[in-house]
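Residue numbers (the working numbering), protein chains in the order written: chain L, 7 to 226; chain U, 87 to 168.
Since the hints were made in silico from the structure, they are not lab data. Given the structure is predicted, the values throughout are model-derived calculations rather than measurements. Yeah, the Cβ is synthetic: ideal placement off N, Cα and C, and Gly gets one too. Be aware that one or more of the hints could be misleading.
Listed below are the simulated PhoX-like cross-link pairs for lysine-lysine, each with C-alpha atoms no more than 25 Å apart in a straight line [said to hold, decoys possible]:
id: 1; chain 1: U; residue 1: Lys145; chain 2: L; residue 2: Lys216
id: 2; chain 1: U; residue 1: Lys145; chain 2: L; residue 2: Lys94
id: 3; chain 1: L; residue 1: Lys94; chain 2: L; residue 2: Lys216
To be clear about the criterion: a stretch of chain L counts as covered by chain U if any three or more of its residues have a C-beta under 8 Å from a C-beta of chain U, and this derived list gives those stretches [what the hints assert, rightly or not]:
id: 4; stretch: 17-23
id: 5; stretch: 202-216
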Amino acid sequence: MEFSNKTLAWFVLAAIVVSLTGTIISLNGTGITGYASNNKTGNASVTIQSQTTLNFAVGAIDFGTGTVNGTAPFACNLSNNMSNTIQKIGNCDGFNTTLTGTNGWLQIENIGNTKVNVSLNFSATALTFIGGGLAASAPLPQLFFMAINNESGSCPADVNVTSMTWTNVTSTASFYPICWGNQGLLSLPTTNSMAIGINITIPYDAAGTKVLTIQASGSN
Amino acid sequence: MDNNTPANDLSGNQKGISNSTIAVLVILALVMTIIGTLAVINTNNNIGPTSSYSNNLGKVSFQILSSQPIAHGTESIPNETK
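I would like the entire structure built from these sequences, with the hints used as guidance.
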């Protein structure tokens, strides 16, 4: 059985009308009401997908500009503390005395809607970030970090490997876990952030402008 | 009737709708269907990707100027008149 082109055209026009009608009904959101039966129970459902989003609420620490005042074996040690100041130990001249931000530490927060395990990756080690330490009498540069709860209970201590201890950054290929385990970093509104402190030792023979990038990664 | 019959025969009488016209209509039907499908998708409350990193990079910086050596060893004593 063959249809004439005219018949086919009518079929196509009918398809267009049906499609257009369906589109209008969908856009209006009304649908076809149909016959109202005795069963008046309706179901509304929505699916919320899990989402993990890490965000540096405080994303920069600037120790400022200064010098290591002295020669071998002198060095300057700088670290940030919770009182929004920079602690200086050794032969430090200059450098900042206060830090900007909420409490002077980097702050990483989970602004998703589910827990997440968090680790940090560093773009450089002490040797490539700070430099120096080349002279026979020069101390070696050092780079440490520490991660603690910024909001109490954010990381329910499944594994918080760096809690209150300084961890030496020895590899740029490593991802250092700071909150790991069954619970991970929570996503509750006021219980979802950790603070990251930095501790560096600058030998007297280091020089130049230094920038280190820290990448936070998450997994469920 | 031949489906490939042109719009007009040799005498000029209309014989039907050409296949090209039908093709245009079919394309129109497809476009309308796609628009309708997109409209339905956009009206659903879809949540975004399951994992994202909006701002996951921190920075630590400082600058070291030239060191200022401290003099060591015996202090130079000016010559006195002997």
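Here is how each hint holds up against the structure:
1. A distance of roughly 10 Å separates the Cα atoms of U:Lys145 and L:Lys216; the hinted pair therefore holds under the 25 Å criterion.
2. Note on U:Lys145 and L:Lys94: the hinted pairing holds, with a Cα-Cα distance of about 20 Å set against a maximum of 25 Å.
3. Restraint check: the Cα-Cα separation between L:Lys94 and L:Lys216 comes to about 18 Å, which is no more than 25 Å; the hinted pair holds.
4. For a cut-off of 8 Å, the count of residues in the stretch 17-23 of chain L with a CB near a CB of chain U stands at 4, and the three-residue condition holds.
5. Proximity of the stretch 202-216 of chain L to chain U, defined as three or more residues with a beta carbon under 8 Å from a beta carbon of that chain, is established by the 11 residues found.
The earlier numbered hints are all upheld by this structure, with none contradicted.
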